[in-house]
Amino acid sequence: MLPIILRRFAGMLLVLFFVITITFFLVKAMPGGPFTSEKSMPESIKKQLLARFNLGGSNWEQYTTYLGLRRNVSGHYSGLLQGDLQLSTKYRDRSVAELLRDSLPISATLGLAAFLIATSGGIWLGSLAAVRQRTPTDTGAMLVALFLISIPAFVIGPVLILIFAIRLDWLPVGGWGSWSSLILPAVTLAGPYIAYIARLMRTSMLEVLGQDFIRTARAKGLNDARVVYKHALKVAILPVVSYLGPLAANLLTGSLVIETIFNLPGSGPFFINSILNADIFLLEGVVIIYCTVLVVLNLAVDIAYTFLDRRISLTA
Amino acid sequence: MHPPPPGAWRRLCKNPVAVVTMTVLAVVFAFAFLGPFVFHADPHATSSAQFAAPSAAHPFGTDNNGRDVLARVMEGARISLLVGLCGALISLLIGTSYGLVSGYAGGRTDAVMMRFVEILYSIPRLIIIILATAAFDHSFKEWLNAGGHTVLVGYSKIIILILALGCIEWLTMARIVRGQVLGLKNLQFVAAARALGQSHVRIIVRHLLPNITGIVIIYLTLTIPTVILVESFLSFLGLGIQAPQASWGSLLADGAQVINPIRSYWWLLLFPAAVMSLTLLALNFLGDALRDALDPRAQR
Numbered sequence: 011m012l013p014i015i016l017r018r019f020a021g022m023l024l025v026l027f028f029v030i031t032i033t034f035f036l037v038k039a040m041p042g043g044p045f046t047s048e049k050s051m052p053e054s055i056k057k058q059l060l061a062r063f064n065l066g067g068s069n070w071e072q073y074t075t076y077l078g079l080r081r082n083v084s085g086h087y088s089g090l091l092q093g094d095l096q097l098s099t100k101y102r103d104r105s106v107a108e109l110l111r112d113s114l115p116i117s118a119t120l121g122l123a124a125f126l127i128a129t130s131g132g133i134w135l136g137s138l139a140a141v142r143q144r145t146p147t148d149t150g151a152m153l154v155a156l157f158l159i160s161i162p163a164f165v166i167g168p169v170l171i172l173i174f175a176i177r178l179d180w181l182p183v184g185g186w187g188s189w190s191s192l193i194l195p196a197v198t199l200a201g202p203y204i205a206y207i208a209r210l211m212r213t214s215m216l217e218v219l220g221q222d223f224i225r226t227a228r229a230k231g232l233n234d235a236r237v238v239y240k241h242a243l244k245v246a247i248l249p250v251v252s253y254l255g256p257l258a259a260n261l262l263t264g265s266l267v268i269e270t271i272f273n274l275p276g277s278g279p280f281f282i283n284s285i286l287n288a289d290i291f292l293l294e295g296v297v298i299i300y301c302t303v304l305v306v307l308n309l310a311v312d313i314a315y316t317f318l319d320r321r322i323s324l325t326a
Numbered sequence: 019m020h021p022p023p024p025g026a027w028r029r030l031c032k033n034p035v036a037v038v039t040m041t042v043l044a045v046v047f048a049f050a051f052l053g054p055f056v057f058h059a060d061p062h063a064t065s066s067a068q069f070a071a072p073s074a075a076h077p078f079g080t081d082n083n084g085r086d087v088l089a090r091v092m093e094g095a096r097i098s099l100l101v102g103l104c105g106a107l108i109s110l111l112i113g114t115s116y117g118l119v120s121g122y123a124g125g126r127t128d129a130v131m132m133r134f135v136e137i138l139y140s141i142p143r144l145i146i147i148i149l150a151t152a153a154f155d156h157s158f159k160e161w162l163n164a165g166g167h168t169v170l171v172g173y174s175k176i177i178i179l180i181l182a183l184g185c186i187e188w189l190t191m192a193r194i195v196r197g198q199v200l201g202l203k204n205l206q207f208v209a210a211a212r213a214l215g216q217s218h219v220r221i222i223v224r225h226l227l228p229n230i231t232g233i234v235i236i237y238l239t240l241t242i243p244t245v246i247l248v249e250s251f252l253s254f255l256g257l258g259i260q261a262p263q264a265s266w267g268s269l270l271a272d273g274a275q276v277i278n279p280i281r282s283y284w285w286l287l288l289f290p291a292a293v294m295s296l297t298l299l300a301l302n303f304l305g306d307a308l309r310d311a312l313d314p315r316a317q318r
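Protein chains in written order, with my numbering: chain A, 11 to 326; chain B, 19 to 318.
Everything labelled a hint here was simulated from the structure, so no lab data went into it.
Just so you know, these numbers come straight off a predicted model, no measurement behind them.
Fair warning: there could be bad hints in the mix.
To give a feel for the contact side, a few chain B residues facing chain A, derived at Cβ under 7 Å [to be verified]: (1) Leu144; (2) Leu149; (3) Ser295; (4) Asn302.
Glycine included, C-beta positions come from ideal geometry on N, C-alpha and C.
The whole structure should be built from the sequences, with the hints applied where relevant.
Printed below as a string of structure tokens:
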């Protein structure tokens, strides 16, 4: 097990390196630099400014400096390898590390809340539909799921705001503060994934309920609830576990929109603004965080899977 | 595992859900592409009638620049549908050929090709799409200008979006096709074709491809709404279609911006949201109905 995890870990680092590199050169390919929108600036001052942000020299020199493989202007090796995320070119007096430290907890809280809502809601809805197969409950649940999949978050979000925040005045319109300000964004973000998980759960639960060991459990005289929640759920949940990796990725990217709609001071707005401002180091910072979360969660899901299902062995 | 079974179309027409969704889709397409011939407003023409409520002159009202919302929703539908269809077709082309080659070759080649797909799965694809559209838009415009295709310059962002989405969303299709081919290629009719001395290309194109059309059509129907969603997602964030052109995403962004407790301009949100949700719902329903009609295992 351990050597496989180590080899996977090496693969993860490779993916991370690949994404960092692609991001760097794609931003460099964008028209205009971080300081093009400033009022006309003498060429020499602009050059100094770029150099101060470690953005002087050729693309290759900037890239290797950023990685920490080349001395920067002040003569030090200070890049990713040394744990330095550089300064933001837009928010001048703040470092990327600082900006991320302030915004990440908010994004993480939102993501975690949505994750819990999506998994618990989806598993419940899917099992309910499967147990009551071909009844109005089943049809209704699957119809709700299809609606949730089809209607995008940026439609559901504003509608929820209109109803619960403006008409009924129960919850805040947006912003960050109390726990109640978390409810609408988290529900909106979780919506489609409740549906995906419910559909997965229903299919797999139906398959499991038809198997012999369930008949044995029923023959022992166990009641329905015990059969479903004690015996069937343990096996039927496996496809949902393997979906958790992609789910995390979707929640990450989904949070970009949610944070914009609900005006949350998370990392998502930084990501979008840093593209518009060609703020290369802030963008790299957000991308590194998102990508790391993604690959780590994927590995965690794979490991969890081998513990849950002994028939599957981890391969490198 | 099978070609579209004979009578698939007939069975589809017997399914009331499928008939309703196909009608809805036909209406949306007519609305997008024939609508402008009936309703002549220019989607880009501004007027002094800002935020006018729906009326006979402007059935869907007007927006903050006094533009007619009905005309803009029509334009948005044209662009979103076009992006969805073209993007899904590109992903179909890449995914199917990749899956066919990988599954048919088998062994080491298959392992390497699938490992590559797995790596692509684990990178945040949306971030790469956003970066690629932002990075290549400018140079693509210059390239179009240099090539004398000035008509296309206004559409460069859309073309880049279509290409980027198509080139990213093919992974699932490749996996599904490969799985099908792995099962098919050991069947006797393939062995017979090989014994007759047919070339690999001929076996793939004439024998394997027709046998996977069913499942490919199902996933094509399900890829279109995905691509439309991603496109509108980008446009909502202001990273996709650029003003004055509209897509459903950018229209909804305009609508979401003017939500406030004092005055609600509900028509800016309701109409684009309704048309978009209806289309995506119909496409997803149709995909499910097609699966019932084309997948023999699902028949009872």
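Hint-by-hint comparison with the structure:
Satisfaction of the interface hint for B:Leu144 is found here, the shortest Cβ-Cβ separation to chain A being roughly 4 Å, below the 7 Å cut-off. Below 7 Å, beta-carbon pairs count as interface contacts, and B:Leu149 has one with chain A at about 4 Å; its hint therefore holds. Below 7 Å, beta-carbon pairs count as interface contacts, and B:Ser295 has one with chain A at about 5 Å; its hint therefore holds. With 7 Å as the threshold, the beta carbon of B:Asn302 comes within range of chain A, its nearest partner Cβ sitting at about 5 Å, so the hint holds.
The earlier numbered hints are all upheld by this structure, with none contradicted.
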